[in-house]
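Visitor: Read top to bottom, the protein sequences are chains X and L. Be aware that the first sequence starts at 1, since it is given in the numbering used here, and climbs by one per residue. Be aware that the second sequence starts at 1, since it is given in the numbering used here, and climbs by one per residue.
Calculated from the structure, these hints are not laboratory results. Because the structure is a prediction, the values reported are computed rather than measured. Incorrect hints may have been included.
[To be verified] Keeping only pairs whose Cα atoms sit at most 25 Å apart, straight-line, the calculated SDA-like set for lysine to any residue is:
{"hint": "1", "chain 1": "L", "residue 1": "K162", "chain 2": "X", "residue 2": "P11"}
{"hint": "2", "chain 1": "L", "residue 1": "K107", "chain 2": "X", "residue 2": "L28"}
{"hint": "3", "chain 1": "L", "residue 1": "K154", "chain 2": "X", "residue 2": "S7"}
{"hint": "4", "chain 1": "X", "residue 1": "K94", "chain 2": "L", "residue 2": "K154"}
{"hint": "5", "chain 1": "X", "residue 1": "K32", "chain 2": "L", "residue 2": "K36"}
{"hint": "6", "chain 1": "X", "residue 1": "K32", "chain 2": "L", "residue 2": "H54"}
{"hint": "7", "chain 1": "L", "residue 1": "K36", "chain 2": "X", "residue 2": "K50"}
{"hint": "8", "chain 1": "X", "residue 1": "K36", "chain 2": "L", "residue 2": "V336"}
{"hint": "9", "chain 1": "L", "residue 1": "K188", "chain 2": "X", "residue 2": "V42"}
{"hint": "10", "chain 1": "L", "residue 1": "K188", "chain 2": "X", "residue 2": "P11"}
{"hint": "11", "chain 1": "L", "residue 1": "K36", "chain 2": "L", "residue 2": "H54"}
{"hint": "12", "chain 1": "L", "residue 1": "K191", "chain 2": "X", "residue 2": "G24"}
{"hint": "13", "chain 1": "X", "residue 1": "K50", "chain 2": "L", "residue 2": "T156"}
{"hint": "14", "chain 1": "X", "residue 1": "K36", "chain 2": "L", "residue 2": "L143"}
{"hint": "15", "chain 1": "X", "residue 1": "K36", "chain 2": "L", "residue 2": "L339"}
{"hint": "16", "chain 1": "L", "residue 1": "K186", "chain 2": "X", "residue 2": "P11"}
{"hint": "17", "chain 1": "X", "residue 1": "K36", "chain 2": "L", "residue 2": "K36"}
[Said to hold, decoys possible] So the derived label-pair ranges between C-beta atoms look like this:
{"hint": "18", "chain 1": "L", "residue 1": "L328", "chain 2": "X", "residue 2": "K36", "range": "27 to 37 Å"}
{"hint": "19", "chain 1": "L", "residue 1": "V283", "chain 2": "X", "residue 2": "L28", "range": "19 to 29 Å"}
{"hint": "20", "chain 1": "X", "residue 1": "L21", "chain 2": "L", "residue 2": "F167", "range": "23 to 33 Å"}
{"hint": "21", "chain 1": "L", "residue 1": "K58", "chain 2": "X", "residue 2": "L28", "range": "42 to 52 Å"}
{"hint": "22", "chain 1": "L", "residue 1": "L263", "chain 2": "X", "residue 2": "A56", "range": "36 to 46 Å"}
Ideal placement from N, C-alpha and C gives every residue a C-beta, glycine not left out.
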Amino acid sequence: MILLASSLTTPAIGTLFWSALIFGLFFLILTKFAWKPILNAVKARDELIKGSLESAEKAREEMLKWQSDNEAILRKAREEREGILKEAREVRDKLISEAKGKAAEEAEKLVEKARTGIEREKIKALSEIHEQVATLSVEIASKLLGEKLKQTGEQEKLIDNYLKEIDFNKN
Amino acid sequence: MKTKNLIGFFFFFLLAGTTIQAFGQEVEEKGEGKEKFKASTYILEHIADSHEWHILTKKNGESVAIYLPVIVFSKETGLNIFSSKRLAHGHEYKGFRLEEEGDLKGKIVLVNEEGHVDEENLPLDLSMTKTVVGMLSAAIIGLLLFLSLARSYKKTGISHPKGIQSFLEPIILFVRDDIAIPNIGKDKYEKFMPYLLTAFFFILINNIMGIVPFPPPFGANVTGNIAVTLVLALFTFFITQFNGNKAYWRHILATPGVPFWLLPIIIPVEIMGMFAKPFALMVRLFANITAGHIIVLSLVCIIFIFKSLAVAPVLVIFVIFMDCLELLVAFLQAYVFTLLSALFVSLAVKEHH
């Protein structure tokens, strides 16, 4: 056990020297020619992977944004179409109703015109009939009273008065 | 079902182990007279550093070994470099001798003309010992591995890992994502990554090479050598101190929130803490690896203590089990050393609020 204490647990100077030298050189050479390139390569790869993942995520987000944009545009278009259709319907209805109104008015006007025309013609016809009837009655009376009954103004007036009393509009 | 089996297995081992231990003690007590097999000497010789790499001892006592270079420096003789073969079996060379017994066992001493050993002035021994050669081999393997890895990164660029990359990159990322970043923080970890990676792989490669018993350069007890773990701990210590920020030093030298009359106690405690941390690093790695090797060697020794091959099958299973455990420990200790280094660094660079 003394041997254990002396030889095993006492660091030998030679071994210390060589350990420091070998480990130091090992450390320096590896740091310069191995660890730096290796760690840089690994880091570059890590960054590339990280960057790719990030850009993929960004692209996904952008796509989602586009999708929502598209939807908004579609919705807007649909609304616009709806609006346009509604407006068209309104215009149509308005046009139709306007046309209807105008037509009715025109018809009314025509009917009115016709009615006044008829009225006028009727009055004309009546006055003609008055005259005819007067002449006819004079003729009939002359025939009845004989040919000597003279056609005088007084007589004609008389007949006119009689005829006026007859209301044609009755019956 | 599986866990039940495992538990049964475990208790069987425990039982077998303890019985064998009891028998072993008896044999040791009875076995007198003949040259007794000394397990402790055998084990220590395998764990300790040496100037030669022993491979086997032939029946006639000759040993087959790789003789490593001895580099000694003393005021009288200057710098001497020669093969340790010249010092084998107690031979003297240029006045140097490798002591085989006593307190200075395993050390190179200078013998003067009268044949006396100057025990006060030992020559400076900078030999390439077994530990040094093992460590150097591990470093070379590590360099080859990681320089080729770096080259393959230059070739593949940022595409997915291929070949050796797919094996080593997860470990590198483990050190980065599970040791450096959680402890030191995202904005400061990069500066310390090279050290953490170097320490992790240096310890790991040496640990694994230490478990493999044969052939050289495998089987050297590098991370179970206190000088090696001391150097590793010192690296962590200096890196921590040199990177310590204002808050770290204020915490040590003028601990905030402590009554002034307590400072004479607190400051020495804090300064001790500065050194206790790397000391713990040093001892933890050394003790874990050495203990593992001692257990494996002890199990092997049981065969020699019994002088019987009958116990070998059980012990082989036991040793395999221990080796699996050692493999786990090899990773675990590399991880723990790196983790604690990162933690100590983080204490020095953290912004206190």
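Visitor: Hint by hint, note whether the structure agrees.
Guide: Verification of the hints:
no.	hint	verdict
1	L:K162 x X:P11	42 Å, violated
2	L:K107 x X:L28	32 Å, violated
3	L:K154 x X:S7	46 Å, violated
4	X:K94 x L:K154	82 Å, violated
5	X:K32 x L:K36	54 Å, violated
6	X:K32 x L:H54	36 Å, violated
7	L:K36 x X:K50	68 Å, violated
8	X:K36 x L:V336	23 Å, holds
9	L:K188 x X:V42	17 Å, holds
10	L:K188 x X:P11	34 Å, violated
11	L:K36 x L:H54	21 Å, holds
12	L:K191 x X:G24	17 Å, holds
13	X:K50 x L:T156	19 Å, holds
14	X:K36 x L:L143	14 Å, holds
15	X:K36 x L:L339	20 Å, holds
16	L:K186 x X:P11	37 Å, violated
17	X:K36 x L:K36	56 Å, violated
18	L:L328 x X:K36: 27 to 37 Å	31 Å, holds
19	L:V283 x X:L28: 19 to 29 Å	27 Å, holds
20	X:L21 x L:F167: 23 to 33 Å	29 Å, holds
21	L:K58 x X:L28: 42 to 52 Å	43 Å, holds
22	L:L263 x X:A56: 36 to 46 Å	57 Å, violated
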